[in-house]
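Visitor: Using the sequences and the accompanying hints, generate a full structural model.
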Amino acid sequence: MNHIDLFLETMQSTLRDVIPIALVLIGFQMFVLRQKIAHAWRVLRGFIYVLLGLALFLMGLEEAIFPLGEVMASQLTNPAFLYGDLYQEGITVIESVQWQDYAWVYVFAFAIGLATTLAEPSLIAVGMKAQQVSGGAISAWGLRLAVSFGVAIGVSLGCFRIVTGTDLWLYIVVAYVLVIIQTIWAPKMIIPLAYDSGGVTTSTVTVPLLAALGLGLAATIPGRSPLIDGFGLIAFASVFPIMSVMGYAQISRWMEKRRQKEKSGKVAGTDVL
Amino acid sequence: MTLSDLAKQFRPLFEAARDLTPIILVILFFQELVLKQPIPNMEEMLIGLVMVLLGLALFVRGLEIGLFPLGESMAFAFAKKGNVIWLLLFAFLLGFGTTVAEPALIAVAGKAAEIAAQGGVIDTTAEAVDSYANGLRMTVALSVGTAIVLGVLRILKGWPLHFCIIGGYFVVVIMTYFAPDEIIGIAYDSGGVTTSTITVPLVTALGVGLASSIRGRNPMLDGFGLIAFASLLPMIFVMLYGILTT
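These protein sequence lines map, in sequence, to chains A and B.
Residue numbers for the first sequence follow our numbering, beginning at 1 and rising by one.
Residue numbers for the second sequence follow our numbering, beginning at 1001 and rising by one.
Because the hints were derived from the structure by calculation, they are not lab data.
Hints may contain errors.
[Stated by the list, open to error] Straight-line C-alpha distance at most 20 Å; calculated DMTMM-like pairs for lysine to aspartate or glutamate: (1) B:Lys1036 - A:Glu256; (2) B:Lys1008 - B:Glu1064; (3) B:Lys1036 - A:Asp101; (4) A:Lys188 - A:Glu256; (5) B:Lys1111 - B:Glu1064; (6) A:Lys36 - B:Glu1114; (7) B:Lys1080 - B:Glu1064; (8) B:Lys1008 - B:Glu1032; (9) B:Lys1157 - B:Glu1182.
Guide: Structure follows, in structure tokens:
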């Protein structure tokens, strides 16, 4: 019974999200465009699939992944785990925080950032479109990997920032300066896609787990505010994918060039022979 | 049904399984080897994973047969009709409509109003808190509507995206300097919560569809970028709201 209630509740909130969009789409289709949609029933079926799929997806996450992920984030940032036998509740007070003590936190942040971004539904959608539009020059999987590595690097750096307590804006400004520099050199075709991938990473799967990690870290380290430091991780998760996607395009162009050079070198060689 | 038909039917399921494997591996690795603790509620966990798997596969299938074709066919129809005003109105309503009811935004706006009341920016009466939260929600919804309009205009005119976005970030930096401290964190966050899982595929299909049906536009160069606008503009609008309400 419990499951059915939860399913209905999730379904309801997904529906509330979709109704305004459906009204706009139907309104324009009927009164402005006044055109038959090709395969209207198929499209409707697709809409229902999306709705049901999202509701199931969100519910499964609530059930299986979020609770455990949140517990793990708080355990990993717990002083009892970090300092082992040295730490006993109520006796030892941690006065100075060494950033090296948090090594497992950075590894966890990297791994969970990578893994959750790979399962992010909006990114799957953008990847599919990118592969189709580019005629396969950009593979959906390659793009998603690039974005995921960006999020992973960003989030673990973000954890490092919370531990060391350096200014958030400093990191973000430096990151954007790097983005501007890369924009100048990166292949023109990738730039819009790279900018878009900053926006799609932070949605259904990634945000709740990142928030738990950030809040756990900020709560256990003296002098950090959960309000300010806990949320900063999301900003990292949106900037770094822009860099990694442009980097991915730059590297693949460079490899392509080298391959061509090698090929033409060989051809020239046989000519001489 | 031949074997390849069968494989095609189950392809979304296989892909969903591949997409979810990393999460499961990460959780197992940390739980078993680092934290050295058993997985609690194994049964619940497995049921949940099956739901996530089915959900993701259904979602992807729905994208392919529903949201993508619809977004594209509407974009083609607008391009054929050639009426810019209707197109821009559609763009605005799509952005505004998808954001105003977004649960994540409602939650963030409520929290922001509480913080503002505690910080003494507004009165602590329930009425004042509600009106602040509503104002913030409307501001974000307006900003996303405006963002999609600007993004569509950019596709029509063929402006280069990087000038718009980098220019926008300069505005963000300058406004961060003038905006009250309490609003900055919320402003930066609001850029992230606006792009929901249903908006992203629709808006992407709209952009790519428009860019492919207008002569002289390249779908790769001009079709993407709407989401970038939708994550940038809320930051500017929310900081402006913060400046105006204090």
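Visitor: Checking against the hints above, which ones are violated?
Guide: 1, 5, 6, 7, 8, 9
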